[in-house]
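Work out the full structure: start from the sequences and follow the hints.
Number of protein chains: 2
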Amino acid sequence: MNYILGIDGGGSKTVCVLMDDARQVLGRGEAGASNYQSIGIEATLKSIESAIYAAVNEAINITNAVRIEAICLGLAGVGRAADIELVKSLIKELQNSKLLPLTWDLQPANIVICNDALIALVGGIGHPVGIVVAAGTGSIVFGRNHQGETKRVGGWGYILGDEGSAYKIAVAGMQAALKAYDGRDMSTSLADAFTQHLALASIEDLIEVIYRRGWRVKEIAALAPIVDLAAAEGDEVANKIIDDAVQELVKATSTAVDAIFGPSEFLEVVTTGSVWQARCKIHERFTASIIKKFPHIKVIFPKYEPAYGASLLALQRLAGEWGI
Amino acid sequence: MNYILGIDGGGSKTVCVLMDDARQVLGRGEAGASNYQSIGIEATLKSIESAIYAAVNEAINITNAVRIEAICLGLAGVGRAADIELVKSLIKELQNSKLLPLTWDLQPANIVICNDALIALVGGIGHPVGIVVAAGTGSIVFGRNHQGETKRVGGWGYILGDEGSAYKIAVAGMQAALKAYDGRDMSTSLADAFTQHLALASIEDLIEVIYRRGWRVKEIAALAPIVDLAAAEGDEVANKIIDDAVQELVKATSTAVDAIFGPSEFLEVVTTGSVWQARCKIHERFTASIIKKFPHIKVIFPKYEPAYGASLLALQRLAGEWGI
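If you read the protein sequences in the order shown, they are chains A and B. Residue numbering for the first sequence follows the UniProt record's numbering, beginning at 1 and increasing consecutively. Residue numbering for the second sequence follows the UniProt record's numbering, beginning at 1 and increasing consecutively.
Rather than coming from a laboratory, the hints here were simulated on the basis of the structure. Be a bit skeptical, because a hint or two may be false.
Identical copies go unnamed one by one, so any copy, or any two together, can satisfy a pair.
Calculated lysine-lysine pairs in the BS3-like style (CA-CA distance at most 30 Å, straight line) [as the list claims (entries may be wrong)]: (1) Lys-251 <-> Lys-151; (2) Lys-240 <-> Lys-293; (3) Lys-13 <-> Lys-281; (4) Lys-98 <-> Lys-151; (5) Lys-98 <-> Lys-218; (6) Lys-292 <-> Lys-13; (7) Lys-98 <-> Lys-298; (8) Lys-251 <-> Lys-240; (9) Lys-240 <-> Lys-98; (10) Lys-98 <-> Lys-251.
Written out as structure tokens, the structure reads:
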């Protein structure tokens, strides 16, 4: 029996899926973050090792001889040749691990290293053709066509881009609340909403929270639901912010469609990330705009998680399919 | 002879002016930063002491008995009661300094502690009535009327506000360059301009520069001249960014005017900060918009520096004028 590992390494957690060649998931494990650019290579190795250990441990009940013939690692920010070399050396270290209750039979050709957008696409759609619109803390649009051509739009991070992300929605909400407070723009329930949620004496104390408590992108992005709720309750300013976010995501998606798909080619667009869980019908707004522009496109929620997508990629590499 | 000290304490330097009661400047000194929220109270005390030392040292040629009867300290971010208490204790420490070649005769009433916007207003206009539109690394609009009422608009920092600032112009420029690169928006000379200026292999490497080199607000804001130059050379996208910045500053100024001045009351609006030095006629664009809305307003460049404004405030406190 051939086994493969699919790994999704992200900024908050690492997920590993152990799959057989009949696409059966035999085990699944989670561990801490594995974005090596932030946390370093040692901590990343540990997270990946722990996630694999947890996945294999689950499978031990089914089989007691786990031999890995292919592996796919999808990691945020991996693109340049130097990154790929680094991740390869990381996989070598895994192969020497004394902790993992498995054996390896990895041909170099059966090691797949790619960015997190591709595994989200493959997991979300179930095969590697279509577009993924990821909108969580950050945002990125990534597409791949039948010929294997890819197109990335966005993904430039919280300062340079991330349009339509939870971070950008949260920041726009706070800016609107402060502009209303200044008397520069129309009033909005957002000022009260932030004040209450953060237990501030006044909306002016946002300065204290944002700059002096050392809040980072993730903490700020976690305030996006405040804007979502205000929009769902009919606040005009909040709805404008959500509409702007939707239009940014529609524009990025359209750019990817136009770049690599034919004018009336059928394709699926999968939406991933926390932004799509909003109560203010952000998914419906996005879908309506996309369908109006591209009636032949189907907007879907993910069929499977990214780690499952990574498993499929490893499996197809083993079978010599897909050419990825 | 009565002497007073006017001090401008900022994030990059501290300036001290020693003035007599005939508004004659007898000495001027500079030292390092004095934003105690970032650099701590010890370093702030040292900067202020050094700036005073330098100013008094210059005056020693004119007089060898310097006795200080009033002091005004204008510091960024000072507003809350706790801040003011802290700065008062700092002034007490200065009075005990063994380093300073001067004596003190400070009544508590002759100590003025205020934010940096007020001293910029008083220095810029020469008296404490009007509006200051500060647009440097950050941005803030601050006004004061004949009745002593004040109005602040903006000044919420680089995440929550700072519309029209060098930071926001630079970020908008990089975002536009990347959107053009993605194919999302119209092409612009900004992509080449950033690539050349930062010696990048590709505009994609902006990610490397902005996130991995640990660049902070000041370093990013220092890229605003790239956008300025592109706008001056006729780039449409860059000009749109500059126009947006101008409109944000006009809106903030209008809000302050409407809040504390009568509909056709004469007043001066003074512009301070690096943004106004741009080659792309940003000052002219701003002035044209303001005059169109408020024909009775005069837009001026600063008459004096903020430290001079602080001196005037100290002097007027001594004279019992102005009520500040």
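task: Report the numbers of all earlier hints that the structure fails to satisfy, in ascending order.
output: Violated hints (numbers, rising): 4, 5, 6, 7, 9, 10; every other hint is consistent with the structure.
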